[in-house]
Amino acid sequence: MALTNVLDITGLMLSSFGTLVLAAVGLAIIFGMMRIINLAHGEFIMIGAYATAFSFSAGVPLALAIPIGGLVTGIVGLVLERLIIRHLYDRLVDSMVATWGISLIFAQGMLIIAGPSFSDVPTPLGPISYGDFSMSLYRVVLAASAIGLLIALYGIYTYTTYGRHARATMQDEETARSLGVNTDRIYMITFFIGSVMAGIAGGLLSPIVSIVPTLGQSYIIEAFVTVIVAGPSVILGTILSGFSLSVVNAPVSQWAGSFAGRVALLVAAIVIIRLLPEGISGYWMEGGE
Amino acid sequence: MNLFELNNVTAGYGSTPILRDVSLAVEEGDVVSLIGRNGVGKTTLMKIAIGLLSPEEGDVMFDGADVTSMGADERARAGIGYVPQGRDVFPRMTVEENLQIGAEVGGGGREKLYDEVYEYFPRLDERRDQNAGTMSGGEQQMLAIGRALVGNPDLLLLDEPSEGVQPSIVTEISERVQEINEEIGTTVLFVEQNIQFTMNASNSCYVMEKGRIVDRVSPDDADDESVIEEHITI
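Residue numbers (the working numbering), protein chains in the order written: chain B, 1 to 289; chain Z, 1001 to 1234.
Don't take every hint at face value.
[To be verified] Cβ-to-Cβ under 7 Å is the rule here; a few derived chain Z residues that face chain B:
(1) Leu1052
(2) Leu1053
(3) Met1070
(4) Ala1072
(5) Asp1073
(6) Ala1076
(7) Pro1084
(8) Glu1097
(9) Gln1100
(10) Ile1101
(11) Gly1102
(12) Tyr1114
[Said to hold, decoys possible] Restraint-style ranges between C-beta atoms, simulated for each label pair:
(13) B/Ile208 / Z/Ser1136: 36 to 42 Å
(14) B/Val79 / Z/Thr1016: 38 to 44 Å
(15) B/Thr158 / Z/Glu1028: 53 to 59 Å
(16) B/Tyr154 / Z/Gly1137: 37 to 43 Å
(17) B/Trp100 / Z/Ser1136: 29 to 35 Å
(18) Z/Tyr1013 / B/Gly155: 21 to 27 Å
(19) Z/Gly1014 / B/Ser117: 52 to 58 Å
(20) B/Leu266 / Z/Thr1016: 43 to 49 Å
(21) Z/Arg1020 / B/Ile270: 53 to 59 Å
(22) Z/Gly1012 / B/Val79: 36 to 42 Å
(23) Z/Asn1203 / B/Glu173: 30 to 36 Å
(24) Z/Asp1063 / B/Gly155: 35 to 41 Å
Because the hints were derived from the structure by calculation, they are not lab data.
Glycine included, each C-beta is placed from N, C-alpha and C at the ideal position.
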């Protein structure tokens, strides 16, 4: 196998890993921790991408436009949580129907507001090349940002009072409440953080996708698959899950096209869940006890 | 002065009544127990005391105020430390992190008792960085008590502290409860079906049957042990 092929696959793996982890990072909080099946997660990413693209076209530098995308999505998430989601905790099926409805409203609403497409964000940073091999440096940035976001989450959930309270609430809500934790507020903040993460992911992905109202739909499946394969540990699980799935996805995409790559990814996910029903990090944690 | 009172509390799940017209009072500085067999409503009573359940009728008084409409988290911050049945430590958090959650009890204004908790329960000190879910039943019970105590509550509520704990540790825990009461001055209310724990730790004991309080005895009085046994054995 020529060196160029190896580099090509490595490049694909980087972008596959970055995309999977970014798609999953907000959902790892909202579904992984809070157990809310948020079918509007893809639309949260879409809103982040739009807010970033809009800010960028208004002259804001991309590095600033991406956090704006996160913040806008966070505020949208916060309003939704207060108005709708908080009434649906512990109502799994109802929350699926409601968030599916929200996803349709957001996608169609964006179509009405902004039309069928919005001006694309150019990919920054240019290519890196070696012989016949060439890939966008931005792929490296995506993968690094994905890990950076997970490390930031690790910091929040390990070292802050909110983080400890959130973990306690997710492990045993009633006991946390009986010890003075305002669990209603914890759910609100947690949903907000998950929404911000989805929005930042949308912002980071905005330079490599077409800004269309339906862009969220291309991420929702991968996001859920990555979170389920990840298992109970948000940080370690998501990294291992993104890595395992991209190791399968990238070479198959290289040799047989991206559709086959996607099929391979889903097959790999089914096999992993069949063998490790608690996900990768669930197996890891069981082994540690 | 009564630190804590239930006045004519009636409660249940749906149409099934669990507690009928229950009144009890805990004087400040006292250790009071409530004994009864499985299923008489002890845990329901404790959940009403901390605010995880609302009574259908009657009211809950704490520190001279009516707290019936306050949520559990507000009551905890006002100074009630709650040790749930079956301990319910946070399994995937370390011993130290579990205690840090308990620091919310009593609100921000008062001195926290980390050093005291580690002194009363040296095993917790040895296991600060261990995940709580990996400890034995007795150790988890110590952690659950330490977690409720660390925030320096005025009232400590214990729901069956001897359950699932080996007998030697039961004695140790009942001694710690007495020491906490004597040295820190924490008022204690616990529910139990273990006679030994009740005799050791409490000054005053309510007896509950089928959701009603049927007797109040003093465990220091030797004659009353037989009264308690009569109530608790079938």
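Okay, which hints does this one fail, numbers in order?
2, 3, 12, 13, 15, 16, 17, 18
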